[in-house]
Amino acid sequence: KQEVTQIPAALSVPEGENLVLNCSFTDSAIYNLQWFRQDPGKGLTSLLLIQSSQREQTSGRLNASLDKSSGRSTLYIAASQPGDSATYLCAVGFSGSARQLTFGSGTQLTVLP
Amino acid sequence: NAGVTQTPKFRVLKTGQSMTLLCAQDMNHEYMYWYRQDPGMGLRLIHYSVGEGTTAKGEVPDGYNVSRLKKQNFLLGLESAAPSQTSVYFCASSYSVGQGALQETQYFGPGTRLLVL
Chain A
1 KQEVTQIPAA
11 LSVPEGENLV
21 LNCSFTDSAI
31 YNLQWFRQDP
41 GKGLTSLLLI
51 QSSQREQTSG
61 RLNASLDKSS
71 GRSTLYIAAS
81 QPGDSATYLC
91 AVGFSGSARQ
101 LTFGSGTQLT
111 VLP
Chain B
1 NAGVTQTPKF
11 RVLKTGQSMT
21 LLCAQDMNHE
31 YMYWYRQDPG
41 MGLRLIHYSV
51 GEGTTAKGEV
61 PDGYNVSRLK
71 KQNFLLGLES
81 AAPSQTSVYF
91 CASSYSVGQG
101 ALQETQYFGP
111 GTRLLVL
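From first to last, the protein sequence lines are chains A and B.
Sequential numbering from 1 applies to the first sequence in our numbering.
Sequential numbering from 1 applies to the second sequence in our numbering.
Hints should not be assumed to be uniformly reliable.
[Stated by the list, open to error] Pairs of lysine-lysine, DSS-like flavour, derived with a Cα cap of 27 Å:
| id | chain 1 | residue 1 | chain 2 | residue 2 |
| --- | --- | --- | --- | --- |
| 1 | B | K70 | B | K9 |
| 2 | B | K57 | A | K42 |
| 3 | B | K14 | A | K68 |
| 4 | A | K1 | B | K57 |
| 5 | B | K9 | A | K42 |
| 6 | B | K14 | A | K42 |
| 7 | B | K70 | A | K42 |
| 8 | B | K57 | B | K70 |
| 9 | B | K14 | B | K71 |
| 10 | B | K57 | B | K71 |
In short, the hints are calculated from the structure, not lab data.
In this text the structure is predicted, and so the values were computed from the model without any measurement.
Based on the sequences and whatever the hints tell you, model everything.
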């Protein structure tokens, strides 16, 4: 079964710290990988999408990397702010089921002022 | 644009009751999806649609039915609600940019919280 795992489930850091969120997946045959942000009681907002042929994507203070061979992706957040506090979800589009995203259970990030 | 909207926002049902969740998008997207989110389990795909009049099963389709009679709407039905269907339901939509699923970002609605007693 194709699975996506995010560890840790929760992370707390002081404001200004650079941090890395991790995502691992069980099958290297993927179409793409996406990182989403979810605020409490809200829907998901797409942050970054990495195609299978790409190694990384950047948007502002966010940088996502993809290593298919090891089945890993990281989301790097630079100079964290309290407004970054949210749950971050990783989702993978596995080959053969491209429009069926498989989600990790998320990492709940708290940035302390 | 309103993006993706969901109706209702919250609902309480008794076991055995039926209901329909409505998802609407105003972005002219071809693809629409229904997910459920349970604590500690991430989102799981229930059903999806690749165009008007088409539907397909996702990972957890049992107990649910869907219809896509209009391109902008995707309905999720529960014929006989069970406590195991207590969850938060999210609708999403996406469009193709010509390379299949490679560049398809999904846009999510705000969710519907359903409690089945």
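Status of each hint after checking the structure:
For the proposed pair K70 of chain B and K9 of chain B, the alpha carbon gap of about 21 Å is at most 27 Å, so the pair holds. With a CA separation close to 25 Å, the supplied pair K57 of chain B and K42 of chain A stays within the 27 Å bound. Restraint check: the Cα-Cα separation between K14 of chain B and K68 of chain A comes to about 46 Å, which exceeds 27 Å; the hinted pair is violated. For a cut-off of 27 Å, the pair hint linking K1 of chain A to K57 of chain B stands: about 17 Å separates their Cα positions.
Of the supplied pair hints, the one linking K9 of chain B and K42 of chain A holds, its CA atoms being roughly 11 Å apart against a limit of 27 Å. In summary, the hint linking K14 of chain B to K42 of chain A is supported, as the alpha carbons are separated by about 25 Å, within the 27 Å threshold. Between K70 of chain B and K42 of chain A the alpha-carbon distance is near 26 Å, which keeps this suggested pair within the 27 Å criterion. Distance restraint check for K57 of chain B and K70 of chain B: the Cα-Cα separation of roughly 18 Å lies within the 27 Å cut-off, and the hinted pair is therefore satisfied.
Between K14 of chain B and K71 of chain B the alpha-carbon distance is near 31 Å, which puts this suggested pair outside the 27 Å criterion. In summary, the hint linking K57 of chain B to K71 of chain B is supported, as the alpha carbons are separated by about 18 Å, within the 27 Å threshold.
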